[in-house]
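A.B. asks: Sequence:
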Amino acid sequence: MSTVTLRDLYAAELHDLMNAEKQLAAELPIMAGRATSARLQRALEEHHAETKIQIERLRLLLEQLNEPPRAVPSGAVAALIEDARRRLDDAERGETLDAALIAAAQRIEHWEMATYGTARSYAEALGDYDAVRILQQTLDEEGHADHSRNRPAIARACALSARRMFRKRASTTFTCTIAPANISARSTASSSTASRAGRSTT
118 MSTVTLRDLY
128 AAELHDLMNA
138 EKQLAAELPI
148 MAGRATSARL
158 QRALEEHHAE
168 TKIQIERLRL
178 LLEQLNEPPR
188 AVPSGAVAAL
198 IEDARRRLDD
208 AERGETLDAA
218 LIAAAQRIEH
228 WEMATYGTAR
238 SYAEALGDYD
248 AVRILQQTLD
258 EEGHADHSRN
268 RPAIARACAL
278 SARRMFRKRA
288 STTFTCTIAP
298 ANISARSTAS
308 SSTASRAGRS
318 TT
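Our numbering puts the first residue of the sequence shown at 118, with every later residue one more than the last.
For the record, the hints were derived by calculation from the structure and aren't laboratory data.
One thing to keep in mind: the hints can contain errors.
Cβ pair distances, simulated, as ranges [what the hints assert, rightly or not]: (1) 153 to 192: 29 to 35 Å; (2) 150 to 123: 18 to 24 Å; (3) 159 to 192: 26 to 32 Å; (4) 129 to 155: 36 to 42 Å; (5) 205 to 124: 38 to 44 Å.
Note that CB positions come from ideal geometry on N, CA and C, so glycine has one too.
With these hints in hand, go ahead and build the complete structure from the sequences.
C.D. replies: Structural data, given as structure tokens:
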């Protein structure tokens with residue numbers, strides 16, 4: 118049995134990231150097509166463009182290691198995408214669906230940030246500082262997307278969804294009608310009060 122080296126671990130991380138980015142590149146246009154907000158749709162399209170660039174960076178790093186492409190199933194990202202599809206199918210269309218889309222993208226990005234961070238640490242330990250710079254560039258992009266795009270967008274979507282729910286409840290409250298039984302009960306009570314008042318004055 119061969120011993121696994123740090124280089125082997127590094128190469129495995131790069132292959133896993135490559136496979137994950139390819140899965141994400143295939144899924145992002147579908148997610149963008151489901152978005153109801155034009156701003157969110159543009160953000161997902163931008164994410165798709167970034168993902169294609171990140172795939173090319175990973176391809177370069179693997180070539181530098183003389184690592185041929187290989188199909189490494191990324192169970193983590195596949196599971197996240199499958200979970201996202203279920204949540205999106207169940208979500209109410211509108212702000213709620215947009216919030217679910219953003220949350221799905223955010224979960225995948227957090228996995229990517231953790232995995233890119235591990236790969237960067239391996240590259241640094243191996244003394245490959247060109248790879249460190251390339252991987253850090255992708256990490257910066259993922260972090261920027263999370264802070265400047267995902268978090269504000271999900272906050273807006275949740276706020277809009279909450280206001281929409283409040284308007285629905287308010288509308289339901291003000292259009293309620295009083296049951297006839299309650300009206301008659303109040304009328305009877307009023308008649309009794311008036312009768313007692315009349316007796317007390319005589």
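A.B. asks: If a hint holds in the structure, say so; if it does not, say that too.
C.D. replies: Taking the hints in turn, this is what the structure says about them:
For residue 153 paired with residue 192, a C-beta distance near 31 Å keeps the hint of 29 to 35 Å intact. The beta-carbon spacing between residue 150 and residue 123, approximately 42 Å, falls outside the hinted interval of 18 to 24 Å. In this structure, residue 159 and residue 192 meet the distance hint of 26 to 32 Å, their C-beta atoms being roughly 31 Å apart. In this structure the hint that residue 129 and residue 155 lie 36 to 42 Å apart at CB holds, the actual value being about 40 Å.
Checked against the given bound of 38 to 44 Å, the beta carbons of residue 205 and residue 124, roughly 39 Å apart, stay inside it.
Taken one by one, the earlier hints fail for this structure only at number 2.
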